[in-house]
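> With chain A fixed as given, assemble chains B, C, D, E, F, G and H onto it according to the hints.
Number of protein chains: 8
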Amino acid sequence: MPERTWNVYLAGEIHSDWRERIESGVAAAGLPVAFSAPVTDHAASDDAGTGTLGEESEPFWRDHKGAGVNAIRTQTLIRDADVVIVRFGDKYRQWNAAFDAGFAAALGKPIVTLHDTDLDHALKEVDRAAQATARTAEQVVDVLRYVIRGELP
Amino acid sequence: MPERTWNVYLAGEIHSDWRERIESGVAAAGLPVAFSAPVTDHAASDDAGTGTLGEESEPFWRDHKGAGVNAIRTQTLIRDADVVIVRFGDKYRQWNAAFDAGFAAALGKPIVTLHDTDLDHALKEVDRAAQATARTAEQVVDVLRYVIRGELP
Amino acid sequence: MPERTWNVYLAGEIHSDWRERIESGVAAAGLPVAFSAPVTDHAASDDAGTGTLGEESEPFWRDHKGAGVNAIRTQTLIRDADVVIVRFGDKYRQWNAAFDAGFAAALGKPIVTLHDTDLDHALKEVDRAAQATARTAEQVVDVLRYVIRGELP
Amino acid sequence: MPERTWNVYLAGEIHSDWRERIESGVAAAGLPVAFSAPVTDHAASDDAGTGTLGEESEPFWRDHKGAGVNAIRTQTLIRDADVVIVRFGDKYRQWNAAFDAGFAAALGKPIVTLHDTDLDHALKEVDRAAQATARTAEQVVDVLRYVIRGELP
Amino acid sequence: MPERTWNVYLAGEIHSDWRERIESGVAAAGLPVAFSAPVTDHAASDDAGTGTLGEESEPFWRDHKGAGVNAIRTQTLIRDADVVIVRFGDKYRQWNAAFDAGFAAALGKPIVTLHDTDLDHALKEVDRAAQATARTAEQVVDVLRYVIRGELP
Amino acid sequence: MPERTWNVYLAGEIHSDWRERIESGVAAAGLPVAFSAPVTDHAASDDAGTGTLGEESEPFWRDHKGAGVNAIRTQTLIRDADVVIVRFGDKYRQWNAAFDAGFAAALGKPIVTLHDTDLDHALKEVDRAAQATARTAEQVVDVLRYVIRGELP
Amino acid sequence: MPERTWNVYLAGEIHSDWRERIESGVAAAGLPVAFSAPVTDHAASDDAGTGTLGEESEPFWRDHKGAGVNAIRTQTLIRDADVVIVRFGDKYRQWNAAFDAGFAAALGKPIVTLHDTDLDHALKEVDRAAQATARTAEQVVDVLRYVIRGELP
Amino acid sequence: MPERTWNVYLAGEIHSDWRERIESGVAAAGLPVAFSAPVTDHAASDDAGTGTLGEESEPFWRDHKGAGVNAIRTQTLIRDADVVIVRFGDKYRQWNAAFDAGFAAALGKPIVTLHDTDLDHALKEVDRAAQATARTAEQVVDVLRYVIRGELP
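Protein chains in written order, with the working numbering: chain A, 479 to 631; chain B, 479 to 631; chain C, 479 to 631; chain D, 479 to 631; chain E, 479 to 631; chain F, 479 to 631; chain G, 479 to 631; chain H, 479 to 631.
So that you can see chain A by itself, here it is in the shape it has in the complex (with noise of 0.2 angstroms):
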């Protein structure tokens, strides 16, 4: 019988290197996971509709192009997923990021937070909605392994 293979969407934050961490983490205890994660090239994901359906004059229907082409893959993968990992950084407003897990709570999936304290309070509501919240890239591997193969660090 293979093993079963779980799809976990890493969503959130796009200018660190926190989902190498994880996927590392998770190659190095060879666990059966196939992430998946939204266009994390900023410039790409800007130009997402306007870079495949042409140019637009106005900016609000410049980034309405490319968020639709984008909602295409994240719709698609995290209604796929079996976990959503949602990353808060320290820059920017994040909003898809927290869009992400009200999209990903209404359909059930489980989902795992990870942000550092500072932003407890602020992201209290989504914390509340997630399974788990994680401080550290390597956490979120623990509790993938623990999840996975029921072994603790």
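Please note that the accuracy of each hint is not assured.
[Unchecked claim] In silico SDA-like pairs for lysine to any residue, Cα to Cα no more than 20 angstroms straight-line:
hint: 1; chain 1: H; residue 1: K569; chain 2: F; residue 2: D598
hint: 2; chain 1: B; residue 1: K569; chain 2: A; residue 2: S494
hint: 3; chain 1: C; residue 1: K569; chain 2: C; residue 2: R613
Hint data in this document are derived by calculation from the structure and do not stem from the laboratory.
Note that the structure is a prediction, hence the values are computed from the model and not measured.
Coordinates of chains B, C, D, E, F, G and H only, in the frame set by chain A:
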């Protein structure tokens, strides 16, 4: 045949009078709308858990307890809503507003966002999931009047 | 025990008097029906976005904005409907009527189509998804009378 | 970990080579896409019912029988799809394309419409329910490449 | 606080007085029940399609047309029901009763079957999907009284 | 606009006065709540099947028959509830209380558990699925007052 | 890209060779179909409960026990199916076949019925919920070939 | 055509060898079953939260944190399961077993309970929601063999 009542949930910012402006505009127009909202008294909202279920020594669990009690209200009312209006102001991170938008989107609820143009780029994913983006409370009233009565200003 | 009210949504053509004929027939029969419909004032419907949320320079986005506001109304009322009547007339392409039929079908709503025989071949997929195909507004009234009261003409 | 395969359903027009152009563009780009579509042989599609289940004397029931058999295919494949592309050409009424779009929208499937600008006003409701509107088959390939690989042309 | 009204759908046999016996028993007990049912006039039911939408020459399509119109009523009322009572008598094949039971079961509706013991073996799948199997209309009233009031006979 | 009525289901222990204390507290606070509950007369509940549908010789089937009739009531009322309160007392195994909590959780209903601290470890999975854990009936009233009115004690 | 496998559930009559005829026709046509079915050994099916879980003295509970075990199989496989074929023969009451059809219909599964014309009137509700009605096993093969390959006989 | 694999989740008691007995019986029978289960190492399960995400000073929140991490595993695997086996032993309160049964029931999953007769009365609601109640692990194997292969012991 009695007229259909529309349930409209007013999510987001709690530090300006946008809810009152929408409610008074809707009342002036005589529209059959039943409004609902999160608890908008900031202090009460922060004490929702400890004020009802007892103190907590750790700030994280204090927030967690409060967010749980608030979620009973907010998620019930969002599930009940026909339309969800989500307001983003210029202060605070307002991740719960974006979370509510994601939650509503996954449930297939029509969303109207309400914010200034300087937030457009940061809110592009949320705006894309909305049916409309308004700049003023009065525009939201105009949208509701059209949606309910088919009348333009 | 008060009688059950049936919510009937009247989708499609907005350039003939079919809605009025169904409504007056139902009123004459004394049936407990609450009708709903898209905004049937063509000019208002086209201005739904720009008339409430401000002008747009590009025709595509003007339409997009209007269609978003109209969708708040139509999708809410279709979700609320017990029965969806979809009328196809002889003018215009009426893709929104077919879209509404598909939307209703996926939600498991009973559909009654209303159109002339010369459209039969072009509408075969839509008619197949419907529970009944009527040729006149009076037949729709007869169907509703039977469905609600069990009485034949 | 094997790469995720994306199921893409190609709905709508059957009288031009747009499906082939998308399929060859996707093949050239090496994207992991499994395409599906309605039966695109017009004569076979019209005979789907009588050719399998026996003749009918009435044209309406002939079409009804065929549409039932076609619906087994189309509704199954749309339910299976990750993304639904809907093409509107310049001939015929193509109500089934709009019906499929409505069906997909109610299921929460991401939609990409594909049509010329002269159909924009007539298709505004369908385009509003879509995540993207493309003008050429090549743009659809660009959208799929971005959605799947995060790469812009 | 007004008392909750229970919607009870009475499916199945139309050739005996079991519905009247349940309705009068429930009325005598003063229970807050709103009953619904298929059209129980056999001739009207058979003419539901042709009597409203015009004649058909083929018996199969005559039945098909009638069944479509009847389904608008029955499926709407079953979806609305809190409890579905399904009666099997000793005449006719009553496949529609078993179909309604399967439809209700897949929707998660509580089912009470009502039939004599000599049908037990043939109805074992349907009875297993039911919450209770009654032998008399009076037992159904007793079940409803208990369910609604908590009172035993 | 009439005030929203909140449906609150009171699951669990039937051997203490916790339901009365919540109901009188809610009445004193003037909150718009419609309470529902399983049948709390232990003897009647045990006889629910045999008292309505006839005796059984085997204890297993006697219980099975009764549990079926009780489930018509409990599952209907839980599906109708906005909030489910689940009480665990110090006697009996109360597996039906935990079952109801699991049932409510899978439906996405907000849950409030009510029990003493000495049950905390044994109930940790149930408490985690709840939005709040109360220690007294009065705390439940406080939670409901806050949820409905936004008022703290 | 490997070809899509279609899951086809064969419900109903267990006393003729219709399943074998469909399976051999599909094999001859080389169609990618995975068939499933209830247990078709009548004696084994009747003993499904007592043969696995121990004897019962009452015939009603003997059947109940068996139907429960059979339902684990049948409801799982119907939920998994892309298409449900339902065969009605000329013997027995076959209420489970009609129940399965209702169950599949409520889940939105495409249904093909298979029966002689003399059952048409009695099966009109079931046939109306189906996408196609076939008279021979060979016609079912023809429908599957068309649905999967788009080829007519 | 490769054989269908059945996903079977083994919920409940973690202090006896019932899982091993089912797994070895299924292996001996050569049945295509993929088993899953909660983490059955009691100490690890209690440390699931603090062992991965850091210590907690309050026992309630220590348990809460652990139950959140465990729920990521259990709720994902229950949602994936075709059949849920729920074992109740003679020690501990095992409320999580009953919670899992309620969760599975609301999702429409077939349930098999496994317990001694002395627990029958206390478990009557859970047993009623199950398709079968077994007394031994071997009976569960017999049920699975029948369900998958149609073979009786």
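> All hints are to be evaluated individually against the structure, with a verdict given for each.
These are the hints, each one checked on the structure:
1. Restraint check: the Cα-Cα separation between K569/H and D598/F comes to about 17 angstroms, which is no more than 20 angstroms; the hinted pair holds.
2. Under the criterion of a C-alpha separation no larger than 20 angstroms, the hint pairing K569/B with S494/A is inconsistent with the structure, at around 25 angstroms.
3. The suggested pairing of K569/C with R613/C holds, with an alpha-carbon distance near 16 angstroms, which does not exceed 20 angstroms.
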